[in-house]
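Asks: I would like the entire structure built from these sequences, with the hints used as guidance.
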Amino acid sequence: MELYGLIGKEINHSSSPDFFKKKFARLGLRADYRLFPLENIDQLPELIATQPDLKGLNVTIPYKRLVSRFLQEITSTALYSGSVNTIQIRHDRKKSRLIGYNTDIIGFEKSLLPFIKGRKNLKALILGDGGSSRSVSYVLRKLGIIFIHVSRTPQKVSQISYQW
8 MELYGLIGKE INHSSSPDFF KKKFARLGLR ADYRLFPLEN IDQLPELIAT QPDLKGLNVT
68 IPYKRLVSRF LQEITSTALY SGSVNTIQIR HDRKKSRLIG YNTDIIGFEK SLLPFIKGRK
128 NLKALILGDG GSSRSVSYVL RKLGIIFIHV SRTPQKVSQI SYQW
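Reading the sequence shown from the start, the letters are residues 8 to 171 in the numbering used here.
Check the hints yourself; a few may be wrong.
[To be verified] When the alpha-carbon atoms are kept at most 20 Å apart in a straight line, the in silico SDA-like pairs for lysine to any residue are as follows:
| hint | residue 1 | residue 2 |
| --- | --- | --- |
| 1 | Lys149 | Pro121 |
| 2 | Lys29 | Leu13 |
| 3 | Lys16 | Leu42 |
[Said to hold, decoys possible] Per label pair, the in silico range of CB-to-CB distance:
| hint | residue 1 | residue 2 | range |
| --- | --- | --- | --- |
| 4 | Glu53 | Gly125 | 48 to 56 Å |
| 5 | Ser103 | Ile123 | 38 to 46 Å |
| 6 | Leu132 | Ile68 | 20 to 28 Å |
| 7 | Arg159 | Lys28 | 34 to 42 Å |
| 8 | Met8 | Ile113 | 22 to 30 Å |
| 9 | Leu54 | Glu80 | 16 to 24 Å |
| 10 | Ala56 | Ile155 | 19 to 27 Å |
| 11 | Leu150 | Lys101 | 38 to 46 Å |
| 12 | Lys28 | Glu80 | 24 to 32 Å |
| 13 | Glu9 | Pro44 | 16 to 24 Å |
| 14 | Val157 | Arg126 | 16 to 24 Å |
| 15 | Leu54 | Leu132 | 32 to 40 Å |
Keep in mind the hints are simulated off the structure, nothing from the lab.
As the structure is a prediction and not an experimental result, all values here were calculated from the model.
From the three backbone atoms N, C-alpha and C, an ideal C-beta is built for every residue, glycine too.
Replies: Following this line, the structure appears as structure tokens:
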């Protein structure tokens, strides 16, 4: 049985296992989804080594920006956003290969496009400075939408804005 899961800190409240288990059942897939709380991102290699059926992970706070040092490959969108929220794991006999993706960018862009089709001079407001806000700012800039980014931590927003 294939295994998937979520890594992060303090994730025991997550409803992801219920969501994915139901989705796997509807699709007729023999797969399981579990929570893998990590106190430190440095625990990731041990998790991968001890879970040979693990095929993929979702990544949540606070590890979206920290996980990239464990990856052997990273997609351009994840690289540009500076944030990885999905890891594909390919096992072979000797080692595992981890590939990082950012699905927030794809999801946000695809959900936004139908609402802005044919419109000009668009403006947006981004609230917060989490990993998803980096993805949103990437898409807005790519689409030529002027935006303001506000946060309780102004220096984090400055770092995100400076990156683009």
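Asks: Hint by hint, note whether the structure agrees.
Replies: Hint-by-hint comparison with the structure:
Using a Cα cut-off of 20 Å, the hinted pair Lys149 and Pro121 holds, with the two alpha carbons roughly 16 Å apart. A C-alpha spacing of about 16 Å is found between Lys29 and Leu13, which places the hinted pair at or below 20 Å, so the restraint holds. Under the criterion of a C-alpha separation no larger than 20 Å, the hint pairing Lys16 with Leu42 is consistent with the structure, at around 10 Å. Between Glu53 and Gly125 the CB atoms are about 51 Å apart, so this pair conforms to the stated range of 48 to 56 Å.
For the pair Ser103 and Ile123, the beta carbons lie near 40 Å from each other, so the given range of 38 to 46 Å is met. Distance hint check: the CB atoms of Leu132 and Ile68 are about 22 Å apart, consistent with the given range 20 to 28 Å. Look at Arg159 against Lys28: about 35 Å separates their beta carbons, and that is inside 34 to 42 Å. Between Met8 and Ile113 the C-beta distance comes to about 27 Å, which sits within the given range of 22 to 30 Å.
Separated by about 19 Å at the C-beta atoms, Leu54 and Glu80 satisfy the suggested range of 16 to 24 Å. In this structure the hint that Ala56 and Ile155 lie 19 to 27 Å apart at CB is violated, the actual value being about 45 Å. Between Leu150 and Lys101 the beta carbon distance is about 43 Å. The supplied range of 38 to 46 Å therefore holds. The hinted range of 24 to 32 Å is satisfied by Lys28 and Glu80, whose Cβ atoms lie roughly 28 Å apart.
A hinted range of 16 to 24 Å for the beta carbons of Glu9 and Pro44 is consistent with their spacing of about 21 Å. Between Val157 and Arg126 the CB atoms are about 23 Å apart, so this pair conforms to the stated range of 16 to 24 Å. A beta carbon spacing of about 37 Å between Leu54 and Leu132 agrees with the range 32 to 40 Å that was offered as a hint.
Violation of the numbered hints given earlier is confined to hint 10; every other hint is satisfied by the structure.
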